[in-house]
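Chains A and B, in that order, give the protein sequences.
Per the numbering used here, the first sequence starts with residue 30, numbered consecutively.
Per the numbering used here, the second sequence starts with residue 30, numbered consecutively.
Treat the hints as calculated values from the structure; they're not laboratory data.
Hints should not be assumed to be uniformly reliable.
The list makes no distinction among identical chains, and a pair is therefore deemed to hold if it is satisfied within one copy or across any two copies.
25 Å max Cα-Cα, derived SDA-like pairs, lysine to any residue [what the hints assert, rightly or not]:
| hint | residue 1 | residue 2 |
| --- | --- | --- |
| 1 | K154 | P242 |
| 2 | K44 | G55 |
| 3 | K154 | D332 |
| 4 | K44 | A228 |
| 5 | K44 | E256 |
| 6 | K154 | S105 |
| 7 | K44 | G330 |
| 8 | K154 | T130 |
| 9 | K246 | T267 |
| 10 | K154 | G89 |
| 11 | K154 | L302 |
| 12 | K246 | L302 |
| 13 | K154 | P112 |
| 14 | K154 | V81 |
Quick caveat, the model's predicted, so the values are computed rather than measured.
Number of protein chains: 2
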Amino acid sequence: MQRRLTIGVDVGGTKVFGVVLDLDAGVVDEHRATTPEGSDALVATISDVVAVLRRGARGGDVSALGVGLPGLVDRSGTLRFGPNLPGVVELPAGRLLAEATDLPVRVDNDATCALWAEHRSGAAKGADDAVLVTLGTGIGGGLLLDGRLVRGANGFAGEIGHMVVDADGVACLCGRRGCWERYASGGALGRWGREAAAAGRAPQLLARAGGDPDDVKGEDVTAAAVEGDPGALVVLETFAGWFALGLANLVHVLDVTRCVIGGGLVEAGDVLLDPVRAAFADRVVAPEHRPPVEIVAAELGGDAGAIGAALLAGEEPLVPES
Amino acid sequence: MQRRLTIGVDVGGTKVFGVVLDLDAGVVDEHRATTPEGSDALVATISDVVAVLRRGARGGDVSALGVGLPGLVDRSGTLRFGPNLPGVVELPAGRLLAEATDLPVRVDNDATCALWAEHRSGAAKGADDAVLVTLGTGIGGGLLLDGRLVRGANGFAGEIGHMVVDADGVACLCGRRGCWERYASGGALGRWGREAAAAGRAPQLLARAGGDPDDVKGEDVTAAAVEGDPGALVVLETFAGWFALGLANLVHVLDVTRCVIGGGLVEAGDVLLDPVRAAFADRVVAPEHRPPVEIVAAELGGDAGAIGAALLAGEEPLVPES
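Same shape as in the complex, but just chain A:
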């Protein structure tokens, strides 16, 4: 059954963002709230966002709820592990939200939701084999193979940020060393920038951050690079090499034809992506025997997760129906 009007909610580390999606007309309403601490408060906040949207002009006929959560979401809709949501662990979100809203509910990983939205109406449209790579504090991932989302046996697929690319490398929050996200996330770009600024290799970048190298962020690097700062461009080259290395790993394992890059940093556009494309070309095996892989910016921005959750709520088996 195709539902025509659904709600999608994307839960992030700082905000809970909900939309009402009309399958024929797109997003017709939206609402956001601050992410609280703890499981009970989180369920209450999501329920409140849903309630506000249902009281709106177009919310009365909503037939299902989709929710995207950051972390390991199992196939029953339970968040098993979500390091970016303090105090939240082993949360049966699907069941609790179905009870709280009296709607059928679909819960998924946030990057999986975002990829589905990009596939339906954004940068992954027309590609049946694609990855979504979101650059934030870490690296999130969504996988699409043969036109189908890949969730994995437990629902945990796409934890691409914890692919080890440098065996004895930088320590990661996960307790191991050398995870890709330590080198190629938005947070890592900031770290490369801080190192360059502290070493005197990026004076313009340092000035942009107010003179304290500790204040340099990933966005400062891309902004300085847009203005042609040579120091920032060198930092981006370093970042691009590491980022491309991980993309090549994914292409070798999965043979995807498109890599969609999401997260706030991609608003910088080609100043970020061109060095990645150049570095990728040097890192793929047997390039002369395979069609080129497209590396493109996500198109739906911060709305993708909520839109994708709403789309999936309209299409997929739901709790408690499934």
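Assemble the complex: chain A is given as a structure, and chain B must be docked to it using the hints.
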């Protein structure tokens, strides 16, 4: 349509091995030949193996041919790149073999074929999300997700041996550095063994190889370890750490529940796999929130590729039908 009697041929670097498979009774005949050099000779040899099998008692009613090739096989049945087959490149094997044998033909990557056989009647039975990792000179890979083989957009999925795990590491034949197969293939186990023998850290291993450290092979390491040689056990620990690191990468990306390990080395059994299991447990993120991953030996040995090719010929769309 389910075909009842098919031929499967597995092409390796040294031999071409064919079987007649009866879906009800299993393998009813087999034949092998030496792998020749060059495309024309290879097609002729495969055709000969097929002809011999069809002249046999059970070959007359064969309805389709499946072929497993080592390398990048595209969706049209062309071998685009096969570094282990000298003189063979851009070979339209599906079309040429269909013409030569007058049978409908299915061509696939050899590891993909082997995984399908293990899934149907071997070590991957009952697992809908599994990887096959074959240890040879390099590392080959087959992927099964949601019960379906993953071939990728071009047919090139599963090139897991070229996942970079050590960014500035050992040079690989592919022209890059730090590929997993440089650290964790059968060939790599031999290299770890040679290093230990040359450094005087594995005297029993050195004696087993006849006194010349350059002659130590991966099989010598596992054989010495079976006998309790402390030097060989330390070598296996090193190998196991690297092997487990790559398995953990695959589990984080794909969320498979079973890793089936193939190749001649796995005949050593638990002396090889127990250290891998122990090392894996230290390398998986959030183990307390996910069911354990099974790491098991392949069961069908060297026959898996041919059996899988024959199974796929009985089940999948074929050239020229597709």
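How the hints compare with the structure:
For the identical chains of this complex, K154 and P242 are neighbours neither inside a copy (40 Å) nor across copies (55 Å), given an alpha-carbon limit of 25 Å. In this assembly of identical chains, K44 and G55 lie within 25 Å of each other by CA distance solely inside one copy; the values are 22 Å within and 58 Å between copies. In this assembly of identical chains, K154 and D332 lie within 25 Å of each other by CA distance solely inside one copy; the values are 16 Å within and 41 Å between copies. Proximity of K44 and A228 under a CA criterion of 25 Å is satisfied in neither setting, with 36 Å inside one chain copy and 58 Å between copies.
In the homo-oligomer, the alpha carbons of K44 and E256 never lie at most 25 Å apart, since the shortest distance is 31 Å inside one protomer and 59 Å across protomers. Taking identical chains as interchangeable, the C-alpha atoms of K154 and S105 lie at most 25 Å apart only when they sit on different chains, with a minimum of 24 Å there against 28 Å within one chain. In this assembly of identical chains, K44 and G330 lie within 25 Å of each other by CA distance solely inside one copy; the values are 15 Å within and 53 Å between copies. Proximity of K154 and T130 under a CA criterion of 25 Å is satisfied in neither setting, with 32 Å inside one chain copy and 41 Å between copies.
When the C-alpha separation of K246 and T267 is checked against a cutoff of 25 Å, the pair qualifies only within one copy, where the shortest distance is 15 Å, while the shortest distance between copies is 38 Å. Within a single copy, K154 and G89 get their C-alpha atoms no closer than 30 Å, and across copies no closer than 48 Å, so neither meets the 25 Å cut-off. For the homomeric pair K154 and L302, the shortest alpha-carbon distance inside one copy (19 Å) is at most 25 Å, but the shortest distance between copies (42 Å) is not. Taking CA atoms no more than 25 Å apart as the test, K246 paired with L302 passes inside one copy only; the shortest distance there is 18 Å, against 44 Å between copies.
In this assembly of identical chains, the alpha carbons of K154 and P112 never lie at most 25 Å apart, being 31 Å within a copy and 34 Å across copies at closest. When the C-alpha separation of K154 and V81 is checked against a cutoff of 25 Å, the pair qualifies neither within a copy, at 31 Å, nor between copies, at 49 Å.
Checked against the numbered hints given earlier, this structure breaks hints 1, 4, 5, 8, 10, 13, 14; the rest are met.
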